[in-house]
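One line per chain: the protein sequences are A and B, in this order. Going by the numbering used here, the final residue of the first sequence carries number 115, and the count climbs one at a time with no gaps. Going by the numbering used here, the final residue of the second sequence carries number 113, and the count climbs one at a time with no gaps.
Honestly, the hints are just simulated from the structure, not real lab data. All C-beta atoms, glycine included, are put in the ideal place defined by N, C-alpha and C. Treat the hints with care, since some could be wrong.
[Claimed, not checked] Distance ranges between label pairs, derived from CB positions:
| id | chain 1 | residue 1 | chain 2 | residue 2 | range |
| --- | --- | --- | --- | --- | --- |
| 1 | B | S28 | A | K71 | 32 to 38 Å |
| 2 | B | P8 | A | L39 | 15 to 21 Å |
| 3 | B | N52 | A | T113 | 40 to 46 Å |
| 4 | B | L113 | A | E78 | 19 to 25 Å |
| 5 | B | R50 | A | G40 | 26 to 32 Å |
| 6 | B | S58 | A | K14 | 42 to 48 Å |
| 7 | B | N38 | A | R22 | 40 to 46 Å |
[Unchecked claim] Derived DSS-like pairs (lysine-lysine); straight-line CA-CA distance at most 30 Å:
| id | chain 1 | residue 1 | chain 2 | residue 2 |
| --- | --- | --- | --- | --- |
| 8 | B | K56 | B | K69 |
| 9 | B | K26 | A | K57 |
| 10 | B | K110 | A | K96 |
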Amino acid sequence: DTGVSQDPRHKITKRGQNVTFRCDPISEHNRLYWYRQTLGQGPEFLTYFQNEAQLEKSRLLSDRFSAERPKGSFSTLEIQRTEQGDSAMYLCASRKTRMGGDEQFFGPGTRLTVL
Amino acid sequence: SQQGEEDPQALSIQEGENATMNCSYKTSINNLQWYRQNSGRGLVHLILIRSNEREKHSGRLRVTLDTSKKSSSLLITASRAADTASYFCATDAITGGGNKLTFGTGTQLKVEL
């Protein structure tokens, strides 16, 4: 257990539905990242937050995706009008930028299946 | 997009043997990190090596970094069945900012009894 939690661990939805995932980082970590991993591939960067500010979004993050970190603590990732191509593992990671190491600590992931 | 490539894609060895995995990348980096992932689970951080380091050890792990060749290797000595997992290298590039990681495609390691 790295200290980063994600909820839910598994989500099955029908195409066209909206889904929301939550990530709770390690409490003193000011930076939070979202990655997506498809079967047989390494994780790919989606977006990251410094405290509550979303500082970068990958072009993988289409308009149907939105992420928030309202109080600089937990974060949510919402996918609207899901498509079968959204099926993947969504991973959250956190790190501390001051007086911390450079490693990122990953949560267990949320596996999304879009039928 | 995937920056790194791990080699081999799959590796099967006997318990007690050493396992070596290689990683190549494309851009200048701040550091390179290795992660382990058990099937369907999250990633566990193994070791980080900075761009000004050439070799690093942690327990049964040894990592080397050659920035001139843009490559790294991970050696697991005296492997155990519990080491069976996928191993990924991830680079923190100098350009781009945010210390976001770019992962390779991974090496699937199977350690048999």
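Hint check:
1. S28(B) to K71(A): 32 to 38 Å: At 36 Å between Cβs, range holds.
2. P8(B) to L39(A): 15 to 21 Å: holds (19 Å)
3. N52(B) to T113(A): 40 to 46 Å: holds (44 Å)
4. L113(B) to E78(A): 19 to 25 Å: Given a distance of about 45 Å, which is not inside 19 to 25 Å, the answer is violated.
5. R50(B) to G40(A): 26 to 32 Å: holds (30 Å)
6. S58(B) to K14(A): 42 to 48 Å: Holds: the Cβ-Cβ distance is about 45 Å, inside 42 to 48 Å.
7. N38(B) to R22(A): 40 to 46 Å: violated (23 Å)
8. K56(B) to K69(B): holds (17 Å)
9. K26(B) to K57(A): holds (21 Å)
10. K110(B) to K96(A): violated (33 Å)
Violated hints for the displayed structure, listed by number in ascending order: 4, 7 and 10.
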